[in-house]
Amino acid sequence: MSTTEPVLPKITVLPTLQKRHAALASAQSQRALLARVPTARTFEAALHGAGLLPLKPTGIEIFQVNVGRKCNQTCRHCHVDAGPDRTEMMPDAVVDRCLEIIEGTSIPTVDITGGAPELHRRWREIVVRARAAGKHVMDRCNLTITLLPNYAYLPEFFAEHGVHVVASLPHYRQKGTDTQRGDGVFEQSVAALKRLNALGYGRPGSGLVLDLVTNPVGTFLPGDQRGLEAEWKRQMARLHGVEFNALYTITNMPISRFLEFLDETGALEAYLERLVTAFNPAAAAGVMCRNTLSVGWDGTLYDCDFNQMLDLPVGGGAPRTVFDFDLAALERRDIVLGPHCFGCTAGAGSSCGGATAG
Amino acid sequence: MFRPGADHERTSALTHSRTPGQGRIHTHAPHYYDAADLPRFGEIGKDAPELAEKFFAWYNAVFAEGALTAREKSLIALAVAHAVQCPYCIDAYSSDCLQKGADAEQMTEAVHVAAAIRGGASLVHGIQMRNHAERLGM
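Protein chains in written order, with the numbering used here: chain C, 116 to 473; chain Y, 24 to 161.
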């Protein structure tokens, strides 16, 4: 960065649940809390009513690799409980095995997440080898990472390798974004988006895809994705001169830090009731666990990143780690369910790719 | 959207503020407003179902995306809710505005629009006051 650029505010970070030794730092205590909340019906009953039980994969199209929980931000809704004080990072043996799977199967998309996945020392290698294997590579980028001195190379690297950048920005105005993601995040995020735009990201015809993700800043459900995208595009251009391709709406999941927020504010029961009431069979049919496989930092396999954080590995006799990976067996598995799954089926649905219905 | 069976907060200061003894005076309705009544909006159809059906069909059409976006309509509704001082509408459209992507600053500006019109409506009548006073004066 040149010295003529404005000085951006520092990001405020907080200790993670793990660092605070909070009760909800453990997946077991989170599952126990969720199980205690009375709901009108179980998720299994809702799926049964929709004719979707047992929930089966439609085919694994996305290999989502969570390379670690370290992050330079501590967003208040984070289901990973990621932060600077987390140390879990994918060891070499797991990275090597993931790369073998990426290179040795026909799964078309590799989705790299974290934490801030770019903090993993082999993140670049994963991108390069996945791209060389002809994969579509998505990186779930928090934007601010690209402004850290050691990571300023990222925008050019993304562009050079045609990485599909998926970046969180809960709101096009500062207050909402900083409330959820930490003071200072908004200004840094806009600066990062401008750098990506300057390289062609989000611009028509460039082939460089920049998608944004918005989570509600509160205990309400996301609105209509198409309507919000139009508004986000208009406002991002008007207020900040920023362009992007698509907006994904994602429902806040009652897991980790958002679960703690709900519990501490006494809003947990009402929030779960809201999710249960808004169950949408069409959204349920399109849930991401049907076409995604999630890999934890230690190589354990999960149906999704949410089950990963609740320590609910794949079930139904399917191989449990990358070391005994068996695509055919995994595509036959029954997907593991829980009350948190209502977060993906409420309203228009929610997934790492946004709404799943309508 | 403010509609029958809509998902709205069911607990609030209103529902938790009853004090012992109130029931002795108001045996049937201890409060004029109760947040628990909001999800019962559909019950306006009792005794007049055809009229209610027409109302809700029209109501939903009004708030559909059109020349104005659904978000813009929600912000207008929030402002009007304050102008007509309807606590149910304020709850409903505060939720709806947030869900449609508005933030607290935008919603506060909408409330100021309502307040400005209400204040301006009072003040512009000052001209009528002046006209009348001038007719009576010397």
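Just so you know, these hints were derived from the structure itself, not from any lab. Check the hints yourself; a few may be wrong.
Said to hold, decoys possible - In silico contact screen, one side only, chain Y against chain C (beta carbon under 8 Å); selected entries:
hint: 1; residue: Glu-76
hint: 2; residue: Glu-88
hint: 3; residue: Leu-91
hint: 4; residue: Ala-127
hint: 5; residue: Thr-131
For every residue, glycine included, the Cβ atom is placed at its ideal position computed from N, Cα and C.
Hints, one by one, checked against the model:
no. : hint    : verdict
1   : Glu-76  : violated (23 Å)
2   : Glu-88  : holds (6 Å)
3   : Leu-91  : violated (12 Å)
4   : Ala-127 : holds (7 Å)
5   : Thr-131 : violated (11 Å)
Of the numbered hints listed earlier, those contradicted by the structure are 1, 3, 5.
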